[in-house]
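Chemist: Chain residues, written in single-letter form:
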Amino acid sequence: MNRVVAILLASLVGALVLSVALGSVPLPLDRVLGALTFQSSQGDQLVVWQIRLPRAFAAGFVGAALGMSGAALQGLLRNPLAEPGILGVSATAALFATFVLYFGLATAGPLVLPLAAVAGALIATLLVALAAIRTRSVVTLILIGVGLSSFSAAIMALLMNLAPNPFSLADMVNWMLGTVDNRSFDDLLCALPFMAIGVAVLLASRRGLSALALGDEAAEGMGLDLKRQRLAVIIGAGLATGAAVALAGAIGFVGIVAPHLVRPFLRYDPARLLVPSALLGGLILVLADIGVRVLPTDSELKLGVVASLLGAPVFIWIAARRRLA
Amino acid sequence: MKLLEAEGLGYSVDGRVLVADAAFALGAGELTALIGPNGSGKTTLLRLALGVLEKDAGSSSIDGTAVESLSPVERARRVAYLPQASPLVWPQPVRDVVSLGRFAYGAALGRLSQEDSEAVQRSIRACQLDGFEERAADTLSGGELSRVHLARALAAETPLVVADEPVAALDPRYQHQTMQLFVDMTRAGRSVLTVIHDLDLALRYASKVLWMHEGRIVANGTPQETFTTTRLRDVFGIDAQVLSDGLHTRLEISGPA
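The listed protein sequences correspond, in order, to chains A and B. Residues in the first sequence are numbered from 0 upward in steps of one, following numbering that gives the first Met the number 0. Residues in the second sequence are numbered from 0 upward in steps of one, following numbering that gives the first Met the number 0.
Don't take every hint at face value.
As the list claims (entries may be wrong) - Stretches of chain B that chain A covers, calculated by requiring three or more beta carbons in the stretch to come under 8 Å of a beta carbon on chain A:
no.	segment
1	61-72
2	85-92
3	105-113
Because the hints were derived from the structure by calculation, they are not lab data. For every residue, glycine included, the Cβ atom is placed at its ideal position computed from N, Cα and C.
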């Protein structure tokens with residue numbers, strides 16, 4: 000394990016502990032430990048196990064999935080500004096979730112919403128993967144992704160426009176802002192398998208991302224199976240991103256910012272970037288979520304809003320400082 | 000057995016023929032120059048022969064095996080391909096870019112085997128990039144960068160190297176050094192096929208010259224056999240004299256024909 004990974008991992012664990020300790024009722028470390036080992040009061044155990052731990056883990060996993068997907072897609076598309084949702088997966092997942100909210104299906108069970116979002120992500124991933132089999136150009140894939148995103152956004156706007164009552168409209172808007180508030184271990188378990196498969200596919204195909212640094216033609220000449228590499232990244236990032244959206248709604252910029260910040264420490268190698276980007280993505284969201292809970296605002300800030308407020312300026316800074324082409 | 004053998008290769012886009020009925024064979028120990036004016040189909044021919052581009056007609060084999068039945072890794076272990084342009088997106092250090100040449104052997108950056116590191120080091124030395132190992136790619140000049148790409152291709156240490164204009168960006172000294180490096184490689188039994196625009200270099204260093212004109216191979220032989228005033232006019236549209244003092248042959252180009 001290299002130094003960057005070790006530092007990020009330690010920071011992430013620290014942030015997770017902090018996230019459990021902080022909140023509307025601060026818990027000192029000994030009470031946190033007591034609750035974790037089932038040796039403190041029922042109240043403490045409830046707060047830690049039912050509320051704070053799932054929430055902290057949700058933020059961590061979502062950030063990690065977005066960080067790694069962003070890093071992989073940036074490597075595949077050879078563009079430091081590519082984001083996990085660039086191929087239309089996030090928007091389609093969000094559209095399916097909006098459908099559920101519009102028709103009031105979310106009341107049918109706690110897992111209907113995340114499962115619908117995952118289904119949307121899978122469909123978008125499948126569409127883009129089919130396109131990748133047919134075309135040689137990554138630009139075509141990006142354009143298909145942009146098309147998917149725009150179409151999904153248009154239908155979401157339509158659903159909001161026709162919302163049957165203010166409550167379902169509020170549900171849709173709230174969900175779209177992105178949050179890990181009120182997440183349970185059941186929600187986590189529903190999203191985790193998809194995230195795990197996505198992450199596994201990305202890790203298994205990461206060496207090819209290094210080769211792509213020299214361009215498609217040189218990479219192919221070096222022995223890379225271009226089609227397989229593209230499919231692996233599309234499917235891996237699609238599953239991981241889709242699961243992240245299912246768990247937390249739309250959370251932007253983490254997937255762009257995390258890879259960018261660690262890249263110089265990994266000799267700009269797109270393959271070695273994956274794990275540190277995931278750890279940093281997780282760290283950023285866990286910290287942002289602590290901020291969201293601790294800041295004294297009348298109605299709680301949404302994680303997705305804070306992530307965008309912090310991320311967008313960084314995005315501009317990255318765009319302005321690009322060193323190559 | 001031929002390292003690379005192509006027969007009847009053809010390719011067209013929207014009815015426009017880019018390569019037609021092209022045949023050639025490369026044996027061990029040969030330095031072959033592929034020459035022809037802009038747009039004569041040189042790059043397309045290389046890509047067709049290597050199977051990077053799907054051909055419309057003909058066949059191509061590497062070491063006697065049809066290119067279609069070789070996996071990308073198997074092909075890359077037999078032939079190193081250096082495309083005309085390999086635009087870098089990340090400011091990676093030179094050593095890492097060259098190390099990518101070992102990709103087909105399973106090398107992963109940061110975890111090179113002893114054998115891979117040695118091949119990378121040899122290649123860096125051969126391309127005179129000593130001292131540049133930790134320089135970021137975006138701090139290099141065009142010529143330095145093209146030596147880095149050449150080193151990347153050579154690091155694979157394949158029996159055959161196929162290079163598309165590897166010396167175009169180099170200053171005269173490095174142009175000659177690179178051609179001399181190719182000659183040394185062929186003396187060691189390896190083979191090089193290179194697209195080249197400097198006819199003088201082709202005449203001086205190549206053991207064989209493939210002439211391309213409007214998608215066809217119009218001549219194939221030693222420089223001495225194929226460099227004629229008529230052919231230079233027909234293919235390149237230039238007025239040129241082939242001068243020989245018995246020991247050296249050189250070209251004197253007086254202008255467009």
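Chemist: Evaluate each hint against the coordinates.
Modeler: A quick look at each hint next to the structure:
{"no.": "1", "hint": "61-72", "in the structure": "holds (count 3)"}
{"no.": "2", "hint": "85-92", "in the structure": "holds (count 8)"}
{"no.": "3", "hint": "105-113", "in the structure": "holds (count 3)"}
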